[in-house]
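Peer 1: For reference, the chains in residue letters:
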Amino acid sequence: MAGDGERPHLLEAANLACERGGRLLFEGLSFSLPPGAAAVVTGENGSGKSSLLRIVAGLLPATEGRVAWRGEDCRREPGRWRREMVFLGHLDAVKPALSVRENLAFWGARDEKLLEEMGLAALAGLPAAMLSAGQRRRLALARVAARPGGCWLLDEPAAHLDETSSGRLERMIGHHLAQGGIAVVAAHTARGLGDALPIRLGPGT
Amino acid sequence: MAGDGERPHLLEAANLACERGGRLLFEGLSFSLPPGAAAVVTGENGSGKSSLLRIVAGLLPATEGRVAWRGEDCRREPGRWRREMVFLGHLDAVKPALSVRENLAFWGARDEKLLEEMGLAALAGLPAAMLSAGQRRRLALARVAARPGGCWLLDEPAAHLDETSSGRLERMIGHHLAQGGIAVVAAHTARGLGDALPIRLGPGT
Amino acid sequence: MPLRLHSLASPARFDRFARRILPWTWVLAALLIPCGLLWGLAFSPADYQQGDTVRVMYVHVPSAWMAMACYALVALLSASFLVWKHQLAGIAALAAAPVGACFTATALVTGSLWGLPTWGTWWVWDARLTSVLVLFFLYLGYIALAGSFDDRSRGLRAASILAVVGVVNLPVIKFSVDWWNTLHQPASVLRLDGPAIHASMLWPLAITAAGFAAFFAALLVVRIRSELLAWRIEALMRRRSAGAA
Amino acid sequence: MTGIGALVARDLALAVRRRGEAGLTLAFFVMAAAIFPFGVGPDPLLLGSIAAGVVWVTALLASTISLDHLFRGDLEDGSLEILVLDHRPLEGVVAAKCLAHWLATGLPVVALAPLMALLLNFDMDAWWVLVLSLAIGTPALSLAGSVGASLVLGARRGGALTGLVVLPLCLPVMVFGVGAVEAALAGRPVLPHILIEAAILVAGAPLALKASAAALRIAVE
Amino acid sequence: MTGIGALVARDLALAVRRRGEAGLTLAFFVMAAAIFPFGVGPDPLLLGSIAAGVVWVTALLASTISLDHLFRGDLEDGSLEILVLDHRPLEGVVAAKCLAHWLATGLPVVALAPLMALLLNFDMDAWWVLVLSLAIGTPALSLAGSVGASLVLGARRGGALTGLVVLPLCLPVMVFGVGAVEAALAGRPVLPHILIEAAILVAGAPLALKASAAALRIAVE
Ligand code: HEM
Ligand SMILES: Nc1ncnc2c1ncn2[C@@H]1O[C@H](COP(=O)(O)OP(=O)(O)OP(=O)(O)O)[C@@H](O)[C@H]1O
Ligand SMILES: Nc1ncnc2c1ncn2[C@@H]1O[C@H](COP(=O)(O)OP(=O)(O)OP(=O)(O)O)[C@@H](O)[C@H]1O
Ligand SMILES: [Mg+2]
Ligand SMILES: [Mg+2]
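Protein chains in written order, with the working numbering: chain A, 1 to 205; chain B, 1 to 205; chain C, 1 to 245; chain D, 1 to 221; chain E, 1 to 221.
Wrong hints could be hidden among the right ones.
[As the list claims (entries may be wrong)] Computed list of chain D residues with no C-beta within reach of chain C, every gap over 10 Å:
{"hint": "1", "residue": "R10"}
{"hint": "2", "residue": "L12"}
{"hint": "3", "residue": "A13"}
{"hint": "4", "residue": "L85"}
{"hint": "5", "residue": "L103"}
{"hint": "6", "residue": "D123"}
{"hint": "7", "residue": "D125"}
{"hint": "8", "residue": "W127"}
{"hint": "9", "residue": "A183"}
{"hint": "10", "residue": "L191"}
{"hint": "11", "residue": "K210"}
{"hint": "12", "residue": "R217"}
[Unchecked claim] Just some of the chain E residues that point at chain D, by a computed CB distance under 7 Å:
{"hint": "13", "residue": "F28"}
{"hint": "14", "residue": "F36"}
{"hint": "15", "residue": "I50"}
{"hint": "16", "residue": "G53"}
{"hint": "17", "residue": "V57"}
{"hint": "18", "residue": "I65"}
{"hint": "19", "residue": "H69"}
{"hint": "20", "residue": "E76"}
{"hint": "21", "residue": "A160"}
{"hint": "22", "residue": "L161"}
{"hint": "23", "residue": "L167"}
{"hint": "24", "residue": "V175"}
{"hint": "25", "residue": "V178"}
[As the list claims (entries may be wrong)] For each label pair, taking beta carbons as the anchor points, the in silico distance ranges come out as:
{"hint": "26", "chain 1": "D", "residue 1": "A6", "chain 2": "E", "residue 2": "A111", "range": "45 to 51 Å"}
{"hint": "27", "chain 1": "E", "residue 1": "A111", "chain 2": "B", "residue 2": "S166", "range": "48 to 54 Å"}
{"hint": "28", "chain 1": "D", "residue 1": "P168", "chain 2": "B", "residue 2": "P78", "range": "49 to 55 Å"}
{"hint": "29", "chain 1": "C", "residue 1": "R19", "chain 2": "B", "residue 2": "P8", "range": "50 to 56 Å"}
{"hint": "30", "chain 1": "B", "residue 1": "P203", "chain 2": "D", "residue 2": "P168", "range": "55 to 61 Å"}
{"hint": "31", "chain 1": "B", "residue 1": "L24", "chain 2": "C", "residue 2": "R154", "range": "15 to 21 Å"}
{"hint": "32", "chain 1": "A", "residue 1": "G174", "chain 2": "B", "residue 2": "R75", "range": "47 to 53 Å"}
{"hint": "33", "chain 1": "C", "residue 1": "L116", "chain 2": "E", "residue 2": "A203", "range": "38 to 44 Å"}
{"hint": "34", "chain 1": "B", "residue 1": "A129", "chain 2": "A", "residue 2": "A146", "range": "28 to 34 Å"}
{"hint": "35", "chain 1": "B", "residue 1": "P61", "chain 2": "A", "residue 2": "G174", "range": "40 to 46 Å"}
{"hint": "36", "chain 1": "A", "residue 1": "A124", "chain 2": "D", "residue 2": "E221", "range": "32 to 38 Å"}
If you're looking for bench data, these hints aren't it; they were derived computationally from the structure. Given the structure is predicted, the values throughout are model-derived calculations rather than measurements. Note that the Cβ used here is the ideal one computed from N, Cα and C, for glycine as well.
Construct the entire structure; sequences and hints are all you get.
Peer 2: Pasting the structure below:
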């Protein structure tokens, strides 16, 4: 679906290259996504999935190439890009001292039904320090779910999740895409994202 | 294979119960493993997999029940138990400031071929801060691989790993079991541990 | 103390014990304190140098003694909690600490009130005074630590460790006056070679002290009971909320 | 801009959560001050003469003791990435953090200064100078601290930077702060010192914010 | 027992990597020392008389600065679990950490003490007493600090709480350390104070190690 002309492409990455620790991870990587489209980035450990996501997000300067959002270069016009973009890395960005509800509020997400959707309602009052690995990941996902419609950059969102929650994740992404949002997901398997644009990165270490 | 009489059982857990945050996670949980046997603990997020492993390791006091190693109560005779037990939690216990090789040395594992087996040889000199998520997990696994033959307690060891490395993990566990060691592995799928004793924990949150 | 606790280890037993002892402690306190204070404040002789200001002593000294004794008790209870794992001992220490803090505060306040006429200033950084202040902070630290864990029992264990370690300060407080030449007077009652103040002052002092002790015991028992209840309630609430999960 | 307001509110909520109640901080300061008489002896005159120094050093201690986890926590739990990617300027985030840090460490000193001055029988005619100099100086300490803290995150090995960075930034502030108090006690004009102190703060603030923000961006690369 | 030796070596290797603390401590130490003379003014006698106290108090405060991340790093990266499960006694690990902490915060102070004494024109006949008392005292401070640091590890708050918990524990040692120096200045015998100080260290060390170890076990639950 990516690449069809009639719909304007929201996110365009043009011949990206990334060199880290003296190793060239990838070069000449280009892709673009129209509204409602998703891309799934696969590759071995150390192949550069996270690096790619960080470059797109604007955390990491690309060795080469550029990323554009709605036609504007993200580096030159970060304001709008950042307003519409949500990044989820390997880390959960959860504050152990705050309760689950407070954590969401911390990121400006006060909507109670987020807790419902992620199955956190029963844990809402618990300090995040008491969450299990998967529960913490779900909390991180709830933060993302709070801002649908823009561009989601998710790095192994399903890490530590059980079957039920993986289902929740898929629904959540589906709902997001349905609203015309786009998603770039780094994962080890493309499952749950059947019709997504596959981006396969070279050998890892 | 677990439960056959003629071989003495190395690890015996007798009616363990665990209550956390006022919720009873499991009770009356008993299992025992003869040399070369593995158990795989599955269950939803928050069902108590990590808690069970931490109880067996001796990090968390059980609400009820006891764990014995070679017939001795682990709490009463921790010395021998700890000498033969290796614990790997959700966290990698990796020091970012140290290089990969130094990290292994930090945990007393100086054997170069560990790096080979885990595919870390090329990264040996890199500061651990530069590792990717999967690479860091492999480093954590290398620490475990350094001490085969005893009792391994692994909490989602395959997290962040790609196909190749999951294979490495399976081989590593197989080799460990072949040496008469035992392993208790928490995971979301039992794959790769076909003939392991399945321990299914109750509902999560 | 530990042995005594051993028989009280179960809350139920403690409750029975409490019901038996509580009236007596209240009665003792209600008798001794007024009688001691009345004697001390009204009928005991004024000091030949200090005049009537000396009467502050009858509040000051007993509370100072209680302050130290109470910390010793907290430490003892905490130790037995850590060694014999008697939840009750730990909870008792937790219950005793605030009372001890109050006694310390009283000693500080009355002391500085006393200082104004006698030393001409209400506070000097004299070793005795400062070390009592430190004792006060030791109490605060213990209470704060116990309160700053998400899990009550973990907090209690951590605080108990602190209480035991903190004992190192008691000798400093008790003997500070002997180690430094300070404004504050050296012990004239609790000394190896018998008390050195006149009986007419010693008696009311002793009686008030005994009264304070009884009062402390009563408060302690009451607070232990309420603490126990608080713990049970919290456990129930947790179950409730978790059950809803 | 309400955006920044939200940031501040948020960081404050967290700061309150992590540093504990004001009461705790208060106790800590009096405790720290109480240490000095043990060292230098009870002589009231002597204590009075070093009172300003004591208060200032306590302020410095308070601001450095919690410096390390000004940003490190955020870096290690991944929040820093999210903050860097916030559409609001990162300088705002840093400012919020500094404000939170100051409210948790600086403000209590300013508020307690009179009490501590009294306890250390400091010449009470000059107490307002002490308070004023602290009120201007402690924010500068927090700002300087944030630069140091953020630089350390970026530089993996060069942790030693912190000291080297914080020292030259803090020393002048303290020198002029205490200088002002001395002037007041000696009956010399106070204004010059205060003005220089204020100048350092005003000129330094934007610099510190920019520097910290830049350092943080490097830290999350 | 070579096991413990290995632990120490390991933690030292790590400590060397993180020179930040040493830098910060030194910076703080220097600043504090630089600030005091202001208050006291030029009078050399006065300065000299408080020199010992100043040095000691600064040493104490400096050692509390870097306490918060004595164990926190290990807790957050998961190493602490592994260390607790080590078959070698956890006390050994704590001892190693304390040694590392002392090398980063205590040793610099001991090394700088003569210089500072000189600056504060301290009676130089007694400088060796000052150094000796610090050499015996600072390890005790590190030990007391480790108790505090490990106790607040599992708690919701650090910062002020750590200080509040640690400072009282440090008091006795400092009292006798300063006592020794004052005795030397007054020409009274120094040995008693030094002996008591040493006794506190020797008797306190095992207690502190046990306490920290117990606290760490609580923290990883
Ligand atoms: C804030 C100021 C003060 C504090 C914190 C304080 C503290 C104490 C303490 C802890 C004790 C118990 C000593 C022991 O049992 O060994 C004590 C006893 C005593 N204090 Fe104070 N004191 C203060 C001020 C004063 C003043 C101003 C006076 C009168 C000049 C005074 C007179 C006494 C006397 C006579 C005793 C009984 C000594 C004995 O017989 O053991 N105190 N004080
Ligand atoms: N430190 C803690 N204090 C109190 N409760 C806790 C603590 N840690 C975990 N819990 C609770 O215990 C339950 C089990 O946690 P645990 O980590 O064992 O689950 P898990 O099976 O490992 O889940 P996951 O698959 O997400 O790792 C969770 O509901 C969690 O809320
Ligand atoms: N901060 C860094 N500095 C230098 N090199 C780095 C840094 N982080 C990662 N690298 C290197 O870049 C390569 C790619 O890292 P990246 O995290 O993008 O891999 P990944 O595809 O996400 O792997 P994983 O599946 O394990 O997450 C790795 O070989 C790693 O060594
Ligand atoms: Mg990655
Ligand atoms: Mg788990």
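Peer 1: Compare the structure with each hint and give your call.
Peer 2: Hint check results:
no. : hint                          : result
1   : R10                           : holds, 21 Å
2   : L12                           : holds, 19 Å
3   : A13                           : holds, 17 Å
4   : L85                           : holds, 30 Å
5   : L103                          : holds, 19 Å
6   : D123                          : holds, 15 Å
7   : D125                          : holds, 18 Å
8   : W127                          : holds, 16 Å
9   : A183                          : holds, 26 Å
10  : L191                          : holds, 33 Å
11  : K210                          : holds, 36 Å
12  : R217                          : holds, 34 Å
13  : F28                           : holds, 6 Å
14  : F36                           : holds, 4 Å
15  : I50                           : holds, 4 Å
16  : G53                           : holds, 3 Å
17  : V57                           : holds, 4 Å
18  : I65                           : holds, 5 Å
19  : H69                           : holds, 5 Å
20  : E76                           : holds, 6 Å
21  : A160                          : holds, 4 Å
22  : L161                          : holds, 6 Å
23  : L167                          : holds, 5 Å
24  : V175                          : holds, 6 Å
25  : V178                          : holds, 5 Å
26  : D/A6 <-> E/A111: 45 to 51 Å   : holds, 48 Å
27  : E/A111 <-> B/S166: 48 to 54 Å : holds, 52 Å
28  : D/P168 <-> B/P78: 49 to 55 Å  : holds, 51 Å
29  : C/R19 <-> B/P8: 50 to 56 Å    : holds, 54 Å
30  : B/P203 <-> D/P168: 55 to 61 Å : holds, 59 Å
31  : B/L24 <-> C/R154: 15 to 21 Å  : holds, 19 Å
32  : A/G174 <-> B/R75: 47 to 53 Å  : holds, 49 Å
33  : C/L116 <-> E/A203: 38 to 44 Å : holds, 39 Å
34  : B/A129 <-> A/A146: 28 to 34 Å : holds, 31 Å
35  : B/P61 <-> A/G174: 40 to 46 Å  : holds, 43 Å
36  : A/A124 <-> D/E221: 32 to 38 Å : holds, 35 Å
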